[in-house]
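K.L.:
Those protein sequences? They're chains H and P, same order as listed.
Anchor point for the first sequence: position 211 equals 686 in the working numbering, and the numbering is continuous, going up by one each time.
Anchor point for the second sequence: position 109 equals 1196 in the working numbering, and the numbering is continuous, going up by one each time.
No lab work stands behind these hints, which were simulated from the structure alone.
A virtual CB, placed ideally from N, CA and C, is assigned to each residue, including glycine.
Hints are not guaranteed to be accurate.
As the list claims (entries may be wrong) - Short derived list, chain P residues pointing at chain H, Cβ under 8 Å:
1. Lys1112
2. Ala1176
3. Thr1185
4. Ser1236
Each chain, written out:
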Amino acid sequence: MHWGMVIDLNRCTGCYACVLACKEEHSTPSGIFFRQVHFQEDGEYPSARRVHVPVQCNHCREPPCVPVCPTGATYKRSDGLVLVDADKCIGCAYCMEACPYEHRHFVEDKIEHFEAGLTPAEQAGGEAGHDWDILRGTVVKCTFCAHRLERAQETGLKPGIDRDVTPACVNTCPALAMEFGDLDDPESSISRILREREGFGLLEEAGTRPSIYYLQKD
Amino acid sequence: MSNGPDQAALIAVPNWSGEAIRQRKWDWRAAANFVAGGTGTGLLIVSAGALVVGPDAQGAYVAQVWVALGLITVGLLCVMAKIGRPIRALNALRHADTSWMTRELLTLPVIFIGSLRMLYEPKPGLALAVLALAALAFLYCQARILSASKGIPVWSEPTIVLLVVMTGLTEGAGMSVCLLSLVSGSNSVLLLVALVVLLFVRQVVWARYRRALTRRHVPDRSKEVLNRLSGYFMIVGQLLPGLLAIAAAAMGVAEHPGRPVLSMLAGAMAVAGGWALKHTLITRAAYTHGIAYTLRRTRPEVL
Chain H
476 MHWGMVIDLN
486 RCTGCYACVL
496 ACKEEHSTPS
506 GIFFRQVHFQ
516 EDGEYPSARR
526 VHVPVQCNHC
536 REPPCVPVCP
546 TGATYKRSDG
556 LVLVDADKCI
566 GCAYCMEACP
576 YEHRHFVEDK
586 IEHFEAGLTP
596 AEQAGGEAGH
606 DWDILRGTVV
616 KCTFCAHRLE
626 RAQETGLKPG
636 IDRDVTPACV
646 NTCPALAMEF
656 GDLDDPESSI
666 SRILREREGF
676 GLLEEAGTRP
686 SIYYLQKD
Chain P
1088 MSNGPDQAAL
1098 IAVPNWSGEA
1108 IRQRKWDWRA
1118 AANFVAGGTG
1128 TGLLIVSAGA
1138 LVVGPDAQGA
1148 YVAQVWVALG
1158 LITVGLLCVM
1168 AKIGRPIRAL
1178 NALRHADTSW
1188 MTRELLTLPV
1198 IFIGSLRMLY
1208 EPKPGLALAV
1218 LALAALAFLY
1228 CQARILSASK
1238 GIPVWSEPTI
1248 VLLVVMTGLT
1258 EGAGMSVCLL
1268 SLVSGSNSVL
1278 LLVALVVLLF
1288 VRQVVWARYR
1298 RALTRRHVPD
1308 RSKEVLNRLS
1318 GYFMIVGQLL
1328 PGLLAIAAAA
1338 MGVAEHPGRP
1348 VLSMLAGAMA
1358 VAGGWALKHT
1368 LITRAAYTHG
1378 IAYTLRRTRP
1388 EVL
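Chain H extracted, bound-state conformation (with noise of 0.2 Å):
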């Protein structure tokens, strides 16, 4: 098993709703999004175009950012996640100087949005119940949103079909921009659109062979 995502470039309009969705299920602390949007203008008027690129961790296969870590913190799971081990980190950010996608995220001492202190949800951690009290100083990154899929070994439910399984982003799309599966599963429905369409990774040049899929826009 080896959980990936493809991501159609052709259907993502540049809402933001999956940073936010991210954002609201992790809670991050200001200024950390484990997923952002870039953009892309092509072309000139009357033609000028918009390419909007979700890009997040790529939980990648040959992941830089493991080997690097001195405490072992960072590790690699039989599923293909790409995990933080906040308890052996010791935040010398080796890490994100070896990831090629920028997205690995320091939390610093100010982990709260508002003067006033941390709102309740805040507090709670969101859904993942990360407690960033601790996370002070250590650092994270995108979970794969790992305590859903945990929660499909308990239910038995399939992530990347049943909503409560799946990662948030891929929940919240409003243009259905996201697939989320099986990458060795030859029947999920991440595999088949792969089949399908060709698609490609980010900096596939750095060789770290990510499991997020982009398909071209048109």
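Got chain H; can you put chain P on it based on the hints?
P.N.:
This is chain P only, laid out in the frame that chain H set:
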């Protein structure tokens, strides 16, 4: 169509929000570890070589070991000031199988214990060889730490390994020349010749590194920063110290009284050049890839 300033400004506006940005997480404190640690270990290696060549110069050797240990300690303290959870710092010893940072740390006990042993009994032998090798290993690990950082193109260029090792050795020789001029008022012609040779090799390696950068995708901003550095580095950090060291060596043959001053200047400039080079590489020139140029079609390997 007008090509005035407004139009130029319009063209300069980036049309891609994922452009290369300068990394800011490794700041001057991280650079200080590469600067001080590199010079310190370079000094240990050069002074070990000098002790083998001239076993009588034990007093000067001891002074150099103290300075080297001080520099390495300063570098370590700077790293401790940078990391998010310094209390857990020993966790960094847990991943020696793949992490060059862990491997760098593992050389430190050998360096510190070996240095103390040499302070007690400074003479050529197995202990001195082990100490010099551990110092070289530390330098090499530092270089590999940078080359393993795939997020920063100017670091992940493989030729940076030789550049960081060579500049560490050159800084060590420069520091040795400086210290000997200060402590004993003189230094051997051989050491000055060694400094000149190391400066020459550092120049060759620097040119090779710059050429290698032109053959791969490196953000323009990184190139601009390195271009700005290159002129100063080659004149102040390479050419002038080389000429001063040659002049000092020539005076050494005639035992001229102005020789210590020239030697000290040559050494100081060689060290300053290396420090400026590493500080620039680690902080000012360290831009990320940006991802605009990667929007192209390729076949996924999963199929």
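K.L.:
What are the numbers of the hints that this structure violates, sorted from low to high?
P.N.:
none
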